[in-house]
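Novice: Sequence:
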Amino acid sequence: MGQGEGLTCQQFSFWLPHASVPSPERALTAPFALADQALRVVTWNLETLGPPGSSHYQAVAAVLGRLDAEVVALQEIASSADAGYLRTLAKQLGYPYVTIAPGGPFGGLRNALLSDFPITDSTIWTSALLSGDALANDLTRFLPEVRVDVSGRGHPPTLVPSHLKSGGENSDAFRRALEGMRGEARGPRGHPKRRPEPPHR
Numbered sequence: 001m002g003q004g005e006g007l008t009c010q011q012f013s014f015w016l017p018h019a020s021v022p023s024p025e026r027a028l029t030a031p032f033a034l035a036d037q038a039l040r041v042v043t044w045n046l047e048t049l050g051p052p053g054s055s056h057y058q059a060v061a062a063v064l065g066r067l068d069a070e071v072v073a074l075q076e077i078a079s080s081a082d083a084g085y086l087r088t089l090a091k092q093l094g095y096p097y098v099t100i101a102p103g104g105p106f107g108g109l110r111n112a113l114l115s116d117f118p119i120t121d122s123t124i125w126t127s128a129l130l131s132g133d134a135l136a137n138d139l140t141r142f143l144p145e146v147r148v149d150v151s152g153r154g155h156p157p158t159l160v161p162s163h164l165k166s167g168g169e170n171s172d173a174f175r176r177a178l179e180g181m182r183g184e185a186r187g188p189r190g191h192p193k194r195r196p197e198p199p200h201r
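Here the sequence shown is numbered in my numbering, starting from 1 and rising by one per residue.
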């Protein structure tokens with residue numbers, strides 16, 4: 001894999017809606033009781049995927065196959081062709097649900113998400129949607145937001161795979177800060193936050 005790439009595997013636990021707080025006597029066994037409610041999520045900056053049969057594609061397939069995550073968030077799907085290869089990979093690995101953001105205004109790199117669970121809601125966030133300004137055009141990579149149905153494990157989680165602007169120049173740092181602000185503008189349940197109204201005098 002190329003320089004600067006990273007892979008993270010995380011496990012999240014979700015409480016059932018009416019789960020009670022464990023008593024002191026059960027405190028040691030509670031983590032084991034929660035094990036069946038955990039959601040295994042991997043996030044990985046691929047840099048590119050490549051066509052089926054290529055060394056890069058085969059390496060990605062082997063790693064994701066070993067990790068066997070229930071949800072996979074991917075960054076830097078390099079082009080529309082790469083997006084097609086990703087759909088092939090998802091089918092090969094047994095992920096029936098796929099969301100891939102389109103290429104942004106500053107290149108073809110895409111964020112994507114694969115899931116074992118049904119995707120019940122999805123939004124592709126652009127600068128215009130996040131800011132409310134139809135002329136805003138400053139996100140390097142669009143943000144796909146998905147909600148997955150983890151029935152029986154608690155409330156459905158919302159996931160937003162993201163990749164802020166990389167690079168060491170001042171302009172890159174400015175873009176990262178701006179993109180971070182755009183991402184923070186996403187409010188509860190996927191609605192952009194509204195600025196508070198000024199107090200009445």
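Please keep in mind that the hints were generated in silico from the structure rather than gathered at the bench.
Predicted model only: the values in this text are computed from it and were never measured.
The beta carbon of each residue, even a glycine, is placed where N, CA and C say it ideally should be.
Worth double-checking, as some hints may not be accurate.
As the list claims (entries may be wrong) - The calculated label-pair distances, taken between Cβ atoms and stated as ranges, are:
id, residue 1, residue 2, range
1, G84, S122, 16 to 24 Å
2, G132, L93, 32 to 40 Å
3, S171, S151, 26 to 34 Å
4, A38, V160, 17 to 25 Å
5, G152, G53, 21 to 29 Å
6, P96, E169, 13 to 21 Å
Novice: Taking the hints in turn, state whether each one holds.
Specialist: Status of the hints after comparison with the structure:
no.: 1; hint: G84 with S122: 16 to 24 Å; result: holds (19 Å)
no.: 2; hint: G132 with L93: 32 to 40 Å; result: holds (38 Å)
no.: 3; hint: S171 with S151: 26 to 34 Å; result: violated (45 Å)
no.: 4; hint: A38 with V160: 17 to 25 Å; result: holds (20 Å)
no.: 5; hint: G152 with G53: 21 to 29 Å; result: violated (38 Å)
no.: 6; hint: P96 with E169: 13 to 21 Å; result: violated (41 Å)
Hints 3, 5, 6 from the earlier list are contradicted by this structure; the remaining hints agree with it.
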